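Colleague: The lines below spell out each chain.
2 protein chains.
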Amino acid sequence: MAAVRPPHGNAVRAGDIAEEFPTVSIDSNALGAVRLLAAHRLTGLVVSTGKSENPFTVLTAAQLVRFILPGYVQEDPALAGMLTESVADDVMERLGDKTIRDVMPSQRHRVPVVDADDTIIELAEVMSRLDSQLVAVVKDGEVQGVVTASRLLAAALEQ
Amino acid sequence: MAAVRPPHGNAVRAGDIAEEFPTVSIDSNALGAVRLLAAHRLTGLVVSTGKSENPFTVLTAAQLVRFILPGYVQEDPALAGMLTESVADDVMERLGDKTIRDVMPSQRHRVPVVDADDTIIELAEVMSRLDSQLVAVVKDGEVQGVVTASRLLAAALEQ
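Chains as they are written, first to last, in this note's numbering: chain A, 1 to 159; chain B, 1 to 159.
Bear in mind the hints are in silico, worked out from the structure with no lab data behind them. The reader is advised that the hints may include incorrect statements.
[Said to hold, decoys possible] Restraint ranges, calculated between C-beta atoms of paired labels, are given here:
#  : chain 1 : residue 1 : chain 2 : residue 2 : range
1  : A       : Arg110    : B       : Leu83     : 22 to 30 Å
2  : A       : Glu75     : B       : Gly96     : 49 to 57 Å
3  : B       : Val12     : A       : Glu93     : 16 to 24 Å
4  : A       : Met82     : B       : Lys98     : 43 to 51 Å
5  : A       : Leu130    : B       : Ser52     : 30 to 38 Å
6  : B       : Glu158    : A       : Asp76     : 21 to 29 Å
7  : B       : Pro77     : A       : Met82     : 51 to 59 Å
8  : B       : Val12     : A       : Glu53     : 39 to 47 Å
9  : A       : Glu53     : B       : Gly32     : 16 to 24 Å
10 : B       : Leu83     : A       : Glu93     : 54 to 62 Å
[Stated by the list, open to error] From the derived model, a few chain B residues whose C-beta atoms are all more than 12 Å from chain A:
#  : residue
11 : Pro55
12 : Ala61
13 : Gln74
14 : Met104
15 : Val113
16 : Ser128
17 : Gln144
Keep in mind it's a predicted model, so treat the numbers as computed, not measured. A virtual CB, placed ideally from N, CA and C, is assigned to each residue, including glycine.
Using the sequences and the hints, build the whole thing.
Modeller: Structure representation (structure tokens):
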């Protein structure tokens, strides 16, 4: 019996190398997002916007760092060296009742979307053209996972 | 006997939370950098430039993704769906005799430098102001490690 040949040849596809990645809703709690980023040491989270035109964006850890800063440092950076009582309490107070939508910068990063059947060359073309660290992989309208630039480099070296 | 009090109080300092991070020379091999990024799934590498004015820069995984692309795809992105024989061989051929200096974009990311004695509020102020995912921590002129934005968020939640 002849081996069943996959419909698109033996090339590695986006769906083969996609990894699970925390995806959060833009209306979920911002402090939860900080905890998720901190616990898993992630560079960013995929945020689903609920819009069909631009369904995903990225919230990076760097974008949340300003919420560590006490108000007096935001007004006068020279005061950053002063010691504060509890940084954690300050962060929780500033973010506790905010949603991700509230803390997202107005200029959002769009996350490119590729199909699970796309080849890694197609993935690389999209990532390179849009200068993105991250691509969402979608199958039948559902996010199957993401591919980071370093994951893609690893897959390219293996193929 | 009274406890010895650290010179700057009990606050967490940059040196306390700095993590080891691969630092490579700008004159080292580019393929080695790709392998390092791929193996450790890093977003980027700290590149030492040897210049006193701007000692560190970052080479991100996303900046290297274009070297996965065959020449014909760079000329015509519509050809990205074509199957190639071996992506890995192509990448090795394109990067094997190049240095990191050769593949760095002309517009480089500067890595902010903080002192090991700086507080995490000072760290957050620098990272937020320069919108950087990464800060190098220096003690007596030597790099002690780096602090990523997510590491800083984790430290802030613990303090």
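Colleague: If a hint holds in the structure, say so; if it does not, say that too.
Modeller: To see whether the hints hold, each was checked on the structure:
1. Checked against the hint of 22 to 30 Å, the pair Arg110 (chain A) and Leu83 (chain B) passes, with Cβ atoms roughly 28 Å apart.
2. In this structure the supplied range 49 to 57 Å holds for Glu75 (chain A) paired with Gly96 (chain B), their Cβ-Cβ distance being about 52 Å.
3. At about 19 Å, the CB distance of Val12 (chain B) to Glu93 (chain A) agrees with the hint of 16 to 24 Å.
4. Checked against the hint of 43 to 51 Å, the pair Met82 (chain A) and Lys98 (chain B) passes, with Cβ atoms roughly 47 Å apart.
5. Between Leu130 (chain A) and Ser52 (chain B) the CB atoms are about 35 Å apart, so this pair conforms to the stated range of 30 to 38 Å.
6. In this structure, Glu158 (chain B) and Asp76 (chain A) meet the distance hint of 21 to 29 Å, their C-beta atoms being roughly 26 Å apart.
7. At about 52 Å, the beta-carbon gap between Pro77 (chain B) and Met82 (chain A) stays in the expected band of 51 to 59 Å.
8. In this structure the hint that Val12 (chain B) and Glu53 (chain A) lie 39 to 47 Å apart at CB holds, the actual value being about 43 Å.
9. A beta carbon spacing of about 42 Å between Glu53 (chain A) and Gly32 (chain B) contradicts the range 16 to 24 Å that was offered as a hint.
10. One distance hint, 54 to 62 Å for the beta-carbon pair Leu83 (chain B) and Glu93 (chain A), holds here, with the actual separation near 55 Å.
11. The claim that Pro55 (chain B) is not at the interface with chain A holds, since no C-beta of that chain comes within 12 Å of its own (minimum 21 Å).
12. The claim that Ala61 (chain B) is not at the interface with chain A is violated, since a C-beta of that chain comes within 12 Å of its own (minimum 4 Å).
13. Non-interface status of Gln74 (chain B) relative to chain A is broken: a Cβ of that chain comes within 12 Å, the nearest being about 9 Å off.
14. At roughly 14 Å, the least C-beta separation between Met104 (chain B) and chain A is larger than 12 Å, which holds for a residue marked as non-interface.
15. No beta-carbon of chain A comes within 12 Å of the beta-carbon of Val113 (chain B); the shortest separation is about 15 Å.
16. With a cut of 12 Å on Cβ distances, Ser128 (chain B) falls inside the contact zone with chain A, its closest approach being about 4 Å.
17. Once the 12 Å rule is applied to beta carbons, Gln144 (chain B) is consistent with being away from chain A; the minimum gap is 19 Å.
Violated hints for the displayed structure, listed by number in ascending order: 9, 12, 13, 16.
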